[in-house]
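Chemist: Protein chains in written order, with the working numbering: chain A, 1 to 277; chain B, 1 to 312; chain C, 1 to 319.
These aren't lab readings, by the way, just hints derived from the structure by calculation.
We treat Cβ as the ideally placed atom computed from N, Cα and C, and that holds for glycine.
Certain hints may be false.
[Said to hold, decoys possible] Okay, the calculated bits of chain A under chain B, using three or more residues with CB under 8 Å as the criterion:
id: 1; segment: 86–97
id: 2; segment: 106–114
id: 3; segment: 126–138
id: 4; segment: 141–151
[Unchecked claim] Once the Cα atoms are required to be at most 25 Å apart in a straight line, the calculated BS3-like pairs of lysine-lysine come out as:
id: 5; chain 1: C; residue 1: 109; chain 2: B; residue 2: 296
id: 6; chain 1: A; residue 1: 167; chain 2: A; residue 2: 98
id: 7; chain 1: A; residue 1: 236; chain 2: A; residue 2: 253
id: 8; chain 1: A; residue 1: 167; chain 2: A; residue 2: 150
id: 9; chain 1: A; residue 1: 195; chain 2: A; residue 2: 219
id: 10; chain 1: C; residue 1: 194; chain 2: C; residue 2: 313
id: 11; chain 1: A; residue 1: 98; chain 2: B; residue 2: 101
id: 12; chain 1: C; residue 1: 114; chain 2: C; residue 2: 215
id: 13; chain 1: B; residue 1: 296; chain 2: B; residue 2: 107
id: 14; chain 1: A; residue 1: 98; chain 2: B; residue 2: 296
id: 15; chain 1: A; residue 1: 195; chain 2: A; residue 2: 98
id: 16; chain 1: A; residue 1: 195; chain 2: A; residue 2: 148
id: 17; chain 1: C; residue 1: 194; chain 2: C; residue 2: 215
id: 18; chain 1: B; residue 1: 107; chain 2: C; residue 2: 313
id: 19; chain 1: A; residue 1: 236; chain 2: A; residue 2: 219
id: 20; chain 1: C; residue 1: 215; chain 2: C; residue 2: 109
id: 21; chain 1: C; residue 1: 313; chain 2: B; residue 2: 296
id: 22; chain 1: C; residue 1: 313; chain 2: B; residue 2: 101
[Unchecked claim] A partial selection of chain C residues facing chain B, derived with a Cβ cut-off under 7 Å:
id: 23; residue: 114
id: 24; residue: 120
id: 25; residue: 121
id: 26; residue: 122
id: 27; residue: 128
id: 28; residue: 130
id: 29; residue: 136
id: 30; residue: 192
id: 31; residue: 193
id: 32; residue: 262
id: 33; residue: 292
id: 34; residue: 299
id: 35; residue: 301
id: 36; residue: 303
id: 37; residue: 304
id: 38; residue: 307
Below, each chain spelled out in residue letters.
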Amino acid sequence: MINAASPAMMDTVAQAAPAVAERTSPLLRVENLSREFGGVLAIQDLSFTLPKGRIVSIIGPNGAGKTTLFNLITGVYTPTYGRILFDGRDISGLPPFKLAARGMSRTFQNLQIFFNMSALENVMVGRHLHLDRGVLAALFRLPRLVRKDKEARELAAELMREVGLSKYIDAQASAMPYGALKRLEIARALAAEPKMLLLDEPAAGLNGTESREIDELIKRIAARGITVVLVEHDMKMVMGISDHILALNYGRKLAEGTPAEVSANPDVIAAYLGSMA
Amino acid sequence: MSSHRLAPLAVLAVVAALLPLALTNNFLLNIAIVAGFNAIVCVGLNLLIGFAGQISLGHAGFFGLGAYASAVLVSTYGWPPLAALLAGAVAVGLLAFAVAKPILRLKGHYLAMATLGIGIIISIVLKTETKITGGPDGMPVDSFAVLGFQAYGEKVWYWIVAGLLLVAVWAALNLIDSPAGRALRAVHGAEVAAETLGVDTAGYKVMVFVLSAVMASITGSLSAHYLGFITPSASDFFRSIELVTMVVFGGMASTFGAVVGAVVLTVLPQLLTAFQDYEAMVLGAILMLTMVFMPKGLVPTLSALIAPRRRV
Amino acid sequence: MKPAKFLAPSPQPLSREGRGALSGDAITMGADFLQFLVSGITVGAIYALAGLGFAIIYNASTVINFAQGEFIMIGGMSASTLTAAGVPLPLAILAGCAVAMLGGVLLAKFAIEKARNASVVTLIIITIGASIFLRGLAEVVWGKEFHQLASFSGDTPILLLGAAILPQSLWVVGVALVLILVIGFFFTRTLAGKAMLATSYNRLAAQLVGVNVRKVVLAAFALSAALGAVGGAVVTPITFSSSEMGIMLGLKGFTAAVLGGLGNGLGAVVGGLIVGIAEALSAGYLSSAYKDAVAFVIILLVLVFMPNGLFGKRGTERV
Numbered sequence: 001m002i003n004a005a006s007p008a009m010m011d012t013v014a015q016a017a018p019a020v021a022e023r024t025s026p027l028l029r030v031e032n033l034s035r036e037f038g039g040v041l042a043i044q045d046l047s048f049t050l051p052k053g054r055i056v057s058i059i060g061p062n063g064a065g066k067t068t069l070f071n072l073i074t075g076v077y078t079p080t081y082g083r084i085l086f087d088g089r090d091i092s093g094l095p096p097f098k099l100a101a102r103g104m105s106r107t108f109q110n111l112q113i114f115f116n117m118s119a120l121e122n123v124m125v126g127r128h129l130h131l132d133r134g135v136l137a138a139l140f141r142l143p144r145l146v147r148k149d150k151e152a153r154e155l156a157a158e159l160m161r162e163v164g165l166s167k168y169i170d171a172q173a174s175a176m177p178y179g180a181l182k183r184l185e186i187a188r189a190l191a192a193e194p195k196m197l198l199l200d201e202p203a204a205g206l207n208g209t210e211s212r213e214i215d216e217l218i219k220r221i222a223a224r225g226i227t228v229v230l231v232e233h234d235m236k237m238v239m240g241i242s243d244h245i246l247a248l249n250y251g252r253k254l255a256e257g258t259p260a261e262v263s264a265n266p267d268v269i270a271a272y273l274g275s276m277a
Numbered sequence: 001m002s003s004h005r006l007a008p009l010a011v012l013a014v015v016a017a018l019l020p021l022a023l024t025n026n027f028l029l030n031i032a033i034v035a036g037f038n039a040i041v042c043v044g045l046n047l048l049i050g051f052a053g054q055i056s057l058g059h060a061g062f063f064g065l066g067a068y069a070s071a072v073l074v075s076t077y078g079w080p081p082l083a084a085l086l087a088g089a090v091a092v093g094l095l096a097f098a099v100a101k102p103i104l105r106l107k108g109h110y111l112a113m114a115t116l117g118i119g120i121i122i123s124i125v126l127k128t129e130t131k132i133t134g135g136p137d138g139m140p141v142d143s144f145a146v147l148g149f150q151a152y153g154e155k156v157w158y159w160i161v162a163g164l165l166l167v168a169v170w171a172a173l174n175l176i177d178s179p180a181g182r183a184l185r186a187v188h189g190a191e192v193a194a195e196t197l198g199v200d201t202a203g204y205k206v207m208v209f210v211l212s213a214v215m216a217s218i219t220g221s222l223s224a225h226y227l228g229f230i231t232p233s234a235s236d237f238f239r240s241i242e243l244v245t246m247v248v249f250g251g252m253a254s255t256f257g258a259v260v261g262a263v264v265l266t267v268l269p270q271l272l273t274a275f276q277d278y279e280a281m282v283l284g285a286i287l288m289l290t291m292v293f294m295p296k297g298l299v300p301t302l303s304a305l306i307a308p309r310r311r312v
Numbered sequence: 001m002k003p004a005k006f007l008a009p010s011p012q013p014l015s016r017e018g019r020g021a022l023s024g025d026a027i028t029m030g031a032d033f034l035q036f037l038v039s040g041i042t043v044g045a046i047y048a049l050a051g052l053g054f055a056i057i058y059n060a061s062t063v064i065n066f067a068q069g070e071f072i073m074i075g076g077m078s079a080s081t082l083t084a085a086g087v088p089l090p091l092a093i094l095a096g097c098a099v100a101m102l103g104g105v106l107l108a109k110f111a112i113e114k115a116r117n118a119s120v121v122t123l124i125i126i127t128i129g130a131s132i133f134l135r136g137l138a139e140v141v142w143g144k145e146f147h148q149l150a151s152f153s154g155d156t157p158i159l160l161l162g163a164a165i166l167p168q169s170l171w172v173v174g175v176a177l178v179l180i181l182v183i184g185f186f187f188t189r190t191l192a193g194k195a196m197l198a199t200s201y202n203r204l205a206a207q208l209v210g211v212n213v214r215k216v217v218l219a220a221f222a223l224s225a226a227l228g229a230v231g232g233a234v235v236t237p238i239t240f241s242s243s244e245m246g247i248m249l250g251l252k253g254f255t256a257a258v259l260g261g262l263g264n265g266l267g268a269v270v271g272g273l274i275v276g277i278a279e280a281l282s283a284g285y286l287s288s289a290y291k292d293a294v295a296f297v298i299i300l301l302v303l304v305f306m307p308n309g310l311f312g313k314r315g316t317e318r319v
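This is chain A alone, in the form it adopts within the complex (with noise of 0.2 Å):
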């Protein structure tokens, strides 16, 4: 990576800057994207791009279409029209798993947390697609995989402390509280090691201190290069540490822009006064 001060990375978040020609291509193209469930239509003829590297918010009153447009990134969803491109490559229509495996990893604004499991173990599962995976080489447990295996126990712990998880690292995942669980759910997706972490409503439930906390770290996050796309409520956080913001209401891409750009936009205030009324 390149830490050079150049104007045309004025605008990104300095530290992580990769080379020019990587970073003028769009990380994340989506190209009027719709999704209709049983005639209604969730989000509609929605364009947009993300660049790399940066921390990408995207906002809208209750119903605006936010999660649908995480599940469809990720896969969870498939689009009815449209296409969505990551990293140049048209990726609309794949199956999760092999998302992942091109670098998208996520958190869930509904827990999805493997209670049947340990804390370690969790975030070990995020650590999957380094691993052997094979089933003969798990049946008689062979000698690479142990070695492996034992590498991905000492990093999941490692991500554990990082996110702040240091106490619960010996826990059954049933038996920790639901801040925990939320920054386990960031710790099993950093395991991954993404090019693109989407978290949905990472401080939701959080209280004050906690939810600093989540802010902290999700800019050590942008910090290691990850493309952030957050999905969240608490405003304060968004205009703080955002630095692109879609807007969207009824499905549909209400504005654009910089924190500043975007909250002084009068579509934006009306569709949030208005969702107040």
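Given the structure of chain A, go ahead and fit chains B and C onto it with the hints provided.
Modeler: Same frame as chain A, but now just chains B and C:
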């Protein structure tokens, strides 16, 4: 971690080695052998039901197909027993593979229904194709022989079954504590999350279904040779239910639990014969009460009592 | 005594050759078909009742009750043994209903309610335990042999376009139809029924508006048990009753309920009729040995293409 990973296996090995001292006659040895066969099937079935969270109410069908493959190929066509066993296992593996993909997309009760249907269809075919299988009356099976060694008598079979059970438990414990095993458990815990972390959930479900079916088939082949006679009831609905009950009774997602469940529910009916006419009532009541008061099954519940916070 | 094969149509309804010579093969074939269809609808009506029982319990509690077939058995056995002991038929049927309902309520109260949070498989094993228990109890009380029950209005077949219809078949279909209509009325027009329906849509919301969800579950088990028991009583003159009669009936009822889409009562009824008719036709035209396999082949084919049955709700997992 890995120091007590194989602890259950060591316990099992010691029990298996010492048990013949207590089993002083062929009647008792026979019960132990049947319990061992059931345990092997249940260890496989538990990978599917307990760890991957996918129910099957039809695995006796695969057990029966393995048994009949050996019976027909050896007794009617004169194949060497080992070749017949392997042919049966491959055939069952292919069948399981073919049905697994569409069926394992189903969830919960729909999956229960589909697997139940497959088991019943297999059992009806075995019952009806009288020319090949001998129909409801069953057919005799020659004894198992390989490279001049002939498996004969309860003592020999006891050691064969005990050895195979230990291998099955060892392999299952290995699998559970591996990337593939964690992937299976992740499918059970939160399937969508597993997908987004790169786990080919459909692929692993198919794999574990095929693995458990093949284990049932091989066990079916061997038990047919041991018993020397086979009837379609080895594959019927009740037998499938019996196998699932053993897994759930012993404790889902506990390999040791599957073994304990198989042993207890094999021995229990022998003890209950003392109740004569009331046997079925008592068995039904025991099943209900155990599951109501220990919904997680025998081994997980008891081990939680003995050593809280540790997993078996 | 040996039981008549379960509602399988006799392969040659009347003297086939004789009529063929008189009126041509086309009519004979039509008569055969009609005969098979009548058998199919008769047995399908019983499957429909069993399937409806599954659906009602599933709706109230998301439990699949594998003891549903045993309710049918209790109805059949009570009716046959009590009438043999001199009890008038209507009273015997009512008594069978009462016994089955008691069994259902006890099962709901002392097993299902206590294991509320157990996994799907655990709940299945509990109801299987209940069915083994009830079968064992029936063997102790009534023995293992088959019991007869006289047809409600004689055994003189009614001839219709060359097909012979047993009066008891009309009883079976008629009673099933009445029960289905009553159940339909109950769920759409009465407050108690609406409360039960509300519980199936959203348990928590129903609870919040004052529905006693525990009572709903008890009522569902009682209702399903009663349906099963009446079905068992009306079908016994054709099939005889035994402690084992509930096994296949229960499985076919489950098939009917899944075929229609779990939790859809009307779907279960349609599913039952489809299974019954398909069985009768394949027994008539293909092979009576594979009759019992037909239901399961149908359900597998349907589930491959429609994973939630014919009329089931399609759910999207929310993440």
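Chemist: The structure should be examined with respect to each hint, and the outcome stated for every one.
Modeler: To see whether the hints hold, each was checked on the structure:
no.	hint	verdict
1	86–97	holds (count 3)
2	106–114	holds (count 5)
3	126–138	holds (count 11)
4	141–151	holds (count 3)
5	C:109 - B:296	holds (20 Å)
6	A:167 - A:98	violated (33 Å)
7	A:236 - A:253	holds (21 Å)
8	A:167 - A:150	holds (20 Å)
9	A:195 - A:219	holds (15 Å)
10	C:194 - C:313	holds (19 Å)
11	A:98 - B:101	holds (18 Å)
12	C:114 - C:215	holds (14 Å)
13	B:296 - B:107	holds (20 Å)
14	A:98 - B:296	violated (35 Å)
15	A:195 - A:98	holds (14 Å)
16	A:195 - A:148	holds (22 Å)
17	C:194 - C:215	holds (13 Å)
18	B:107 - C:313	holds (13 Å)
19	A:236 - A:219	holds (15 Å)
20	C:215 - C:109	holds (10 Å)
21	C:313 - B:296	violated (30 Å)
22	C:313 - B:101	holds (22 Å)
23	114	holds (5 Å)
24	120	holds (5 Å)
25	121	holds (5 Å)
26	122	holds (5 Å)
27	128	holds (6 Å)
28	130	holds (6 Å)
29	136	holds (3 Å)
30	192	violated (26 Å)
31	193	violated (23 Å)
32	262	holds (6 Å)
33	292	holds (6 Å)
34	299	holds (5 Å)
35	301	violated (10 Å)
36	303	holds (5 Å)
37	304	holds (4 Å)
38	307	holds (5 Å)
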